[in-house]
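**Student:** With the working numbering, letter number 154 in the sequence shown gets 162, and the count goes up by one each step, no holes.
Among the clues, some could well be false.
Unchecked claim - Straight-line alpha carbon distances no greater than 16 Å define the calculated EDC-like cross-link-like pairs of lysine to aspartate or glutamate that follow:
id	residue 1	residue 2
1	Lys13	Asp250
2	Lys13	Asp189
3	Lys133	Asp94
4	Lys43	Glu23
5	Lys133	Glu86
6	Lys120	Glu147
7	Lys205	Glu216
8	Lys109	Glu86
9	Lys167	Glu127
10	Lys120	Asp106
11	Lys13	Glu216
12	Lys34	Glu22
13	Lys109	Asp94
14	Lys52	Glu147
15	Lys34	Asp79
16	Lys248	Asp189
17	Lys49	Asp150
18	Lys49	Asp189
19	Lys165	Glu222
20	Lys34	Glu23
21	Lys133	Asp92
22	Lys249	Asp189
23	Lys109	Asp79
24	Lys13	Glu222
Derived by calculation from the structure, the hints in this document are not laboratory data.
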Amino acid sequence: MTPPKPNEFVSILEETLSRNGIDYHKFINEIGQVKASEDRKSGKVFSFSEHLRGLVYAQLSNQRPWGPIADHVANIDEIFFDFDPDRLQSTPPEYFSDSLKEIRCGNRQINKQMVVLSENINTFKRIVANHGSLDAFLEKEDAMAIATALSYPGTYKLKQIGLALALEYLKNVGIEAIKPDVHIMRILSSSRLGYLKDNSDEYEAIIEVLALAEEAQSNAIYLDNLLWLLGAQNYGNICKKDPSCNLCGFIEICNYPKK
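Construct the entire structure; sequences and hints are all you get.
**Tutor:** Spelled out as structure tokens, the structure:
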């Protein structure tokens, strides 16, 4: 079936979420990535602490539902001393992992993530020393190139950070990036809406979402957030592994077998 035009695609996403009681405006405002991108476009300079916050929240999102983290943002900011780098580096890593587990905001890698936090701060400091600021480094190349530099072996490789988490960090500090997670890959796949071919990789998904956003004259992070909401557990939870097609506005044009 033929996928909808980009502007129609965004509208159907919004309508589907609204019809199912998902206040996507509230979520997008709370997560703050779209606002961060708009602030960056308006000339905001992100502080070292804001970059640390963006990195840590990207790590916390790893392979777990986002809802409990969203409910404990104030607690998490307090646990991390509002991301003061000196206090973070002088505090034992188990303090952070234990504190996060107490409020059910850990994940399978949380111990390893906290052990390397100080090393990642040192990598950030090295970037500042060599490029003047973290913002200057992030804006040197396109988002995919920067995310690759932060996630693959090299001078600025961040530990416990893969490509997807590097892209999530970039979104948190207002870089217009796409995180090709399981939801986006599934929704755009040839077996669902057909924007991607069989065996398309993460890079092709990123290119497709960026193109859709540009043609729809939409903020790319906004579109990324809508797609995530459509599939995410505790949010839309509609286009999941076993989808709830009867709730979805794409049902007539989706390639998923009708039941």
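**Student:** Now tell me, hint by hint, if it's right for this structure.
**Tutor:** Here is what the structure says about each hint:
1. Restraint check for Lys13 and Asp250: the C-alpha separation of about 25 Å exceeds 16 Å, so the hint is violated.
2. Under the criterion of a C-alpha separation no larger than 16 Å, the hint pairing Lys13 with Asp189 is inconsistent with the structure, at around 23 Å.
3. Taken as a hint, the Lys133 and Asp94 pair is honoured in the structure, with Cα atoms around 11 Å apart against an allowance of 16 Å.
4. For the hint pairing Lys43 with Glu23, the CA-to-CA distance comes to about 22 Å; that exceeds 16 Å, so the pair is violated.
5. Between Lys133 and Glu86 the alpha-carbon distance is near 22 Å, which puts this suggested pair outside the 16 Å criterion.
6. In summary, the hint linking Lys120 to Glu147 is not supported, as the alpha carbons are separated by about 29 Å, beyond the 16 Å threshold.
7. Taking the CA atoms of Lys205 and Glu216, the gap is about 11 Å. The hint holds against a cut of 16 Å.
8. For the given pair, Lys109 sits about 14 Å from Glu86 by alpha-carbon distance, which is consistent with the 16 Å threshold.
9. With a C-alpha separation of about 8 Å, the suggested pairing of Lys167 with Glu127 holds against the 16 Å cut-off.
10. Of the supplied pair hints, the one linking Lys120 and Asp106 holds, its CA atoms being roughly 12 Å apart against a limit of 16 Å.
11. Annotation: proposed proximity of Lys13 to Glu216 holds, straight-line Cα distance about 13 Å (limit 16 Å).
12. The hinted pair formed by Lys34 and Glu22 meets the criterion: a straight-line CA distance of about 13 Å does not exceed 16 Å.
13. Straight-line distance between C-alpha atoms of Lys109 and Asp94 comes to about 23 Å, which puts the hinted pair past the 16 Å bound.
14. For the hint pairing Lys52 with Glu147, the CA-to-CA distance comes to about 13 Å; that is within 16 Å, so the pair holds.
15. Simply put, Lys34 and Asp79 have alpha-carbon atoms about 13 Å apart, close enough for the 16 Å limit, and the pair holds.
16. Distance check on the hinted pair: Lys248 and Asp189 sit about 12 Å apart at the alpha-carbon level, within 16 Å; holds.
17. Proximity of Lys49 to Asp150 is assessed by CA-CA distance (about 15 Å); at most 16 Å being required, the pair is judged to hold.
18. For the suggested pair Lys49 and Asp189, the alpha carbons sit about 25 Å apart, so the restraint of at most 16 Å is broken.
19. Note on Lys165 and Glu222: the hinted pairing is violated, with a Cα-Cα distance of about 30 Å set against a maximum of 16 Å.
20. At roughly 15 Å between alpha-carbon atoms, Lys34 and Glu23 fall within 16 Å of each other, so this suggested pair holds.
21. This hinted pair checks out: Lys133 and Asp92 have alpha carbons roughly 13 Å apart, not beyond 16 Å.
22. For the given pair, Lys249 sits about 13 Å from Asp189 by alpha-carbon distance, which is consistent with the 16 Å threshold.
23. As the CA atoms of Lys109 and Asp79 are separated by approximately 14 Å, the hinted pair is consistent with the 16 Å bound.
24. This hinted pair checks out: Lys13 and Glu222 have alpha carbons roughly 12 Å apart, not beyond 16 Å.
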